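Just so you know, the sequences run in chain order A and B. Following the numbering used here, the numbering of the first sequence begins with 1 at its first residue and continues without gaps. Following the numbering used here, the numbering of the second sequence begins with 293 at its first residue and continues without gaps.
Derived from the structure by calculation, the hints contain no laboratory data. Possibly wrong hints are sitting among the right ones.
[Said to hold, decoys possible] To spell it out: a stretch of chain A is covered by chain B in this simulated footprint if at least three of its residues, at any positions, have a beta carbon under 8 Å from a beta carbon of chain B; those stretches are:
1. 93–102
2. 105–117
3. 262–275
Every value quoted in this text rests on a predicted model; they were computed, and no experiment measured them. Each residue gets a CB set at the ideal place from its N, CA and C atoms; glycine is no exception.
These are the residues of each chain, in order.
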Amino acid sequence: MIDFLQLIVSGTATGACYALAALGFTLLWQASGTINFALGEMVMLPAFIMLFFIGPAGLPLPLAFAATLLVSLLVLGLGFKRLVVDPMLKHGVIPLVIATLGLSIAMKQGVRIAFSAQVFTFPAIFSQELLSIGGARLSVSDLGTVIVAGGLVVALQTFLNRTLTGRAMQAVAQNRDAATVLGINVQRMVLYAFLINAALAATTALLVTPVYLAKFDMGDTLGLKAFYAAIIGGFNQSRGALLGGVLVGVLENLVGAYLSPGYKDGVALVLFLAVILFKPEGLLGKPEERKV
Amino acid sequence: MTRLWQAALLLFALVAIYLLPGTLKNYGVYIVTLWSVYVIAGMGLNLTVGYAGQISLGQAAFWGIGAYTTAIALKAGLPFFAALPLSAALCFGVGLLLGFPALRVQHHYLAFATLGFNVLVFLAFRNEDWLTGGTFGINNIPRPILFGWRLRAPLDFFHLTWIATVVMGALMALLLRSPWGRAFAALRDNPIRAESVGIDTTFYTLLAFAIGAAYAGVAGAFFAPLVGFIEPAPFAVTTSLSMLLMVIAGGSGRLFGPAIGAIVVVLLPEWLRFAAEWYLAIFGVLIVVMMVWLPGGLLSIPDRLRAARVLK
């Protein structure tokens, strides 16, 4: 029972990180119809930028994170939108899918050249202690990750639902033409979505890398899991990403511990396939209507 | 007259490709054979993506099912020409089973469903040791025997593969000219209109998807004896993505698209090897640049030039 609780907590922590990356994915999809297959690499890159700022540049962690956040906003937010997505949007979804694919190869291999294919350790942001609560030993870093990630999701929800800008972003996601008629600056709202995605990716890197270590291909699994999380929860619902992420993280842990480590990755997958086949709009999503 | 010229040119190209690898060393012949295998799988994917207008990210899974089926059948002593149709039929069947529920949702959801399917198949290859040998894979896969003569030499095996590619290409061309092929195109261009003129869209999309899967099965059947050793790695999602890249880069919905696209995916990385460790990074950047400037693929260049001339 106590093992079970520990598995749930650490699974939730992992899942919260998937949820952050998934949230960025759904935001981009809603704002611009971009299916971003470079999702995992967009977490990997900030991790290495942070390592650069900590190592060769010698900055303390908080400053390094701030600098990384800035670079991410510029490169993964503004740069990605202006140079890759904008020129291609008029050609439909498929060329853009292929382009993000090319981007993920380029980012991965670029980092491999710059930093080598080694595994790098990353300074911990939480203390490494274990807390004893009712006999269960829970790690501070797991709890911290859940709190930070959960807080970010709640903050983002509040921003989207309660502020004028957030509601304008939602309007753009629902109906571009109507949003334009209402005097909303559509391009600016789309840009905000890209910037938020970049910021979420940098934060995910900060939370994930101390545990999973930095390697040029760390984005492969992370991207896939975040992708599952986004679909399971609901492609067009930001809340869904959180539910999906936590479900994937917890299920992985439970299956790995109790059923078969070989199929640890398989259960989230089966859930993912079941959702696609039977409730394609996701557990919390609304069905998309067919347009003529 | 122009049609005759086109036919002559095509025949010349096919014969040239048949003869050309005779001048290459063993590794070169291997790469060209691999290209040929990719072209078969790409033609199948092109039917799904380019003609039926669905995004599939699971072609490598079917490719793997074909390769493992052939490898297991060959090891069990079945002749290659029995294993080949078996692989194709199995992939066709699995394609129907996966496509039937998945195509209810269409478009990007089919992409996600096939991606999930690919990961699942990959996990099965890796974990079901009793059947697939797990991470150790299956080795010593024999080359086919033709008229009592084993095709051990790389060049002989290439010739067999290339003939199969041409036959599969011809079958595809026939299919596309048949009323079925027209229905596929109608489906891609405007599914709602196609439905309203009485085309059973679900049936045709499903058929296109399953035939595409069967092509991947055939490609897999040639891949297994080509490499002689198979393990799960080549059948991961990344390969499905490069197969999709291949179809788009060549020009989706064009018969010769996959042949050109396979050059980009199989041969270009070989040519970029002079750039040493940079080659994959350059490859990635080239893809992005190409999608920005030429979203219709390489075969859309003549159309683009013609359009530019008309505008002047």
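#### Entry: Whether chain B covers the region 93–102 of chain A (at least 3 residues having a Cβ closer than 8 Å to its Cβ atoms)
Since 9 is at least three, the answer is holds.
### Task
Mind taking a look at whether chain B covers the region 262–275 of chain A? Criterion is 3 or more residues with CB to CB distance under 8 Å.
That given contact holds, which follows from 8 residues of the region 262–275 of chain A lying within Cβ reach (below 8 Å) of chain B.
### Task
State whether the coverage of the region 105–117 of chain A by chain B holds or is violated, taking the criterion as 3 or more residues with Cβ-Cβ distances under 8 Å.
This one holds; 8 residues, not fewer than the three required, reach chain B with a Cβ under 8 Å.
In this structure, none of the earlier numbered hints is contradicted; all agree with it.
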